[in-house]
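So the sequences go chain by chain: Z and D. Per this note's numbering, residue 1 is the first one in the first sequence, and the count goes up by one each step. Per this note's numbering, residue 307 is the first one in the second sequence, and the count goes up by one each step.
Keep in mind that the hints were calculated from the coordinates and are not lab data. A couple of the hints might just be wrong.
Said to hold, decoys possible - Which chain Z residues stay away from chain D? Per the calculated CB distances, all over 10 Å, these:
(1) M41
(2) A114
(3) E246
(4) Y271
Unchecked claim - Taking lysine to aspartate or glutamate and the DMTMM-like style, the derived pairs with C-alpha atoms no more than 25 Å apart in a straight line are:
(5) Z:K66 <-> Z:D87
(6) Z:K249 <-> Z:E11
(7) Z:K113 <-> Z:D206
(8) Z:K100 <-> Z:E154
(9) Z:K284 <-> D:E346
(10) Z:K279 <-> D:E357
(11) Z:K142 <-> Z:E184
(12) Z:K147 <-> D:E325
(13) Z:K279 <-> D:D340
(14) Z:K249 <-> D:E346
(15) Z:K249 <-> D:E357
The beta-carbon is built from N, C-alpha and C at its ideal position, and this holds for glycine as well.
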Amino acid sequence: MLGYVRTDRAELRVREDVFYRALYCGLCHRMGKCTGNCSRMTLNYDFVFLAAVRLSLTGEAPTVKKQRCFLHPFRSRPTVQACKSLDYCADASALLVYHKLLDDLHDEKGLKKARAVLVRPWMLSAYRRAKCRYPALDAAIKEHLQKLSQYEAETTAFGGADELAAQFGRLMEAVFAEGLEGSEARIAAVLGRATGHWIYLIDAADDFEEDRKRGRFNPYLRLFGTAPTEADWENLRLALTALLCEAEKGFALIDSYPVPELKEILSNILYLGLPATAKRITQKNTCAHCKKETKNDDNTVPHNRT
Amino acid sequence: MTTTRFPTTALDCFTAANEAFSRGYYLNAQALYDRACALEPSNALYVAGRERLRILTFGFGKKSGGGFSTFDAANCAEGCCECCGEGCCEGICEGICEGICSNCDGCDCDCG
């Protein structure tokens, strides 16, 4: 579910790309310090986005220094140094990952469940450390994920996809806004809610074919049926763009940044990275649909994919 | 596998779509607008509703000055009246926006 919120790296300037990598490395280092080295295996780009948003809103000026790590022992790399925003992201990541593991233990079967059983003991220590620092956030994540599981079991009508995604959006709203106040909290809430909603929809689209084959839950199976058309995926693209319009409102309200690279990175993610991810995943599903049509009907002209 | 269950009449679909749209449930809204248009293809109001999402996303990414990117176009069925600031509604606004667009006092556009 995580890892979709990325930059379009080709469109970043070199100094912005260097800063983005420094943020990634900095978050990895802070995860090692705050929640233990095992939690570093769960590092993903979504939390780098969260770190960029938190740094922008709190106005903390990040310092960058070159550092080595166990993966890069010979060549030191620019790394954002310790700050409150990175520490918070490390703790939030540990909490979310642990609760996701619990969810997988409860809901999944086969390899995913086995993986959750194996990984859970390694993440327990990270979870306990993070929970000590943010007990309210832990309770909020637990509550939202329980509601999400409940909705997935109950929702039968067409309304399933957006209602579920909105519930995940509320979870991310809590994660983004935790510890902030006033206008910072409101802006973070808008960004978190829209991003969470978007992530849920895109993750469901990415998993659609596999879920359909294995008979697993997927909200689009209820909304579109087992054979969605190209028009259905086009509707999804429009809905995803509309959610980015919602996120854009929050982004437009951030009036100053501690470093200019943060603004460019967030802008790149919002206007280039996320739309590119949405296009890739919806086109993948559209192409899967087209392959099925041309395979089944030899007499028709091959479907013209634009 | 269970199939989608929509409201049975076009008006119910359209009403549910408007409600979903105002809540930010864009995917549900679009599916409902499509269903309303499928049930009553000649109804211009339903066709206008189906285009709402396309119009909302039309200005995504444009800098302020175009006026669209930070304006909540959820209440406006088309993009040509002054409150939206730009673009042409491509002929769908004739008399329609007075029924849907609650942010403006009617449409003075010349299109269509």
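Hint check results:
Listed as outside the interface, M41 (chain Z) is consistent with that label: its C-beta sits roughly 33 Å from the nearest C-beta of chain D, beyond the 10 Å cut-off. No Cβ of chain D comes within 10 Å of the Cβ of A114 (chain Z); the nearest lies about 27 Å off, and the non-interface call holds. At roughly 7 Å, the least C-beta separation between E246 (chain Z) and chain D is not larger than 10 Å, which violates its mark as non-interface. In this structure Y271 (chain Z) is not separated from chain D by more than 10 Å, as the shortest Cβ-Cβ distance comes to only about 5 Å.
Taken as a hint, the K66 (chain Z) and D87 (chain Z) pair is honoured in the structure, with Cα atoms around 19 Å apart against an allowance of 25 Å. Under the criterion of a C-alpha separation no larger than 25 Å, the hint pairing K249 (chain Z) with E11 (chain Z) is consistent with the structure, at around 22 Å. Taking the CA atoms of K113 (chain Z) and D206 (chain Z), the gap is near 20 Å; set against the 25 Å cutoff, the hint holds. Restraint check for K100 (chain Z) and E154 (chain Z): the C-alpha separation of about 20 Å stays at or below 25 Å, so the hint holds.
As the CA atoms of K284 (chain Z) and E346 (chain D) are separated by approximately 32 Å, the hinted pair breaks the 25 Å bound. Using a Cα cut-off of 25 Å, the hinted pair K279 (chain Z) and E357 (chain D) holds, with the two alpha carbons roughly 20 Å apart. For a cut-off of 25 Å, the pair hint linking K142 (chain Z) to E184 (chain Z) stands: about 24 Å separates their Cα positions. Distance check on the hinted pair: K147 (chain Z) and E325 (chain D) sit about 22 Å apart at the alpha-carbon level, within 25 Å; holds.
Under the criterion of a C-alpha separation no larger than 25 Å, the hint pairing K279 (chain Z) with D340 (chain D) is consistent with the structure, at around 21 Å. The hinted pair formed by K249 (chain Z) and E346 (chain D) fails the criterion: a straight-line CA distance of about 35 Å is larger than 25 Å. Note on K249 (chain Z) and E357 (chain D): the hinted pairing holds, with a Cα-Cα distance of about 21 Å set against a maximum of 25 Å.
Violation of the numbered hints given earlier is confined to hints 3, 4, 9, 14; the remaining hints are satisfied by the structure.
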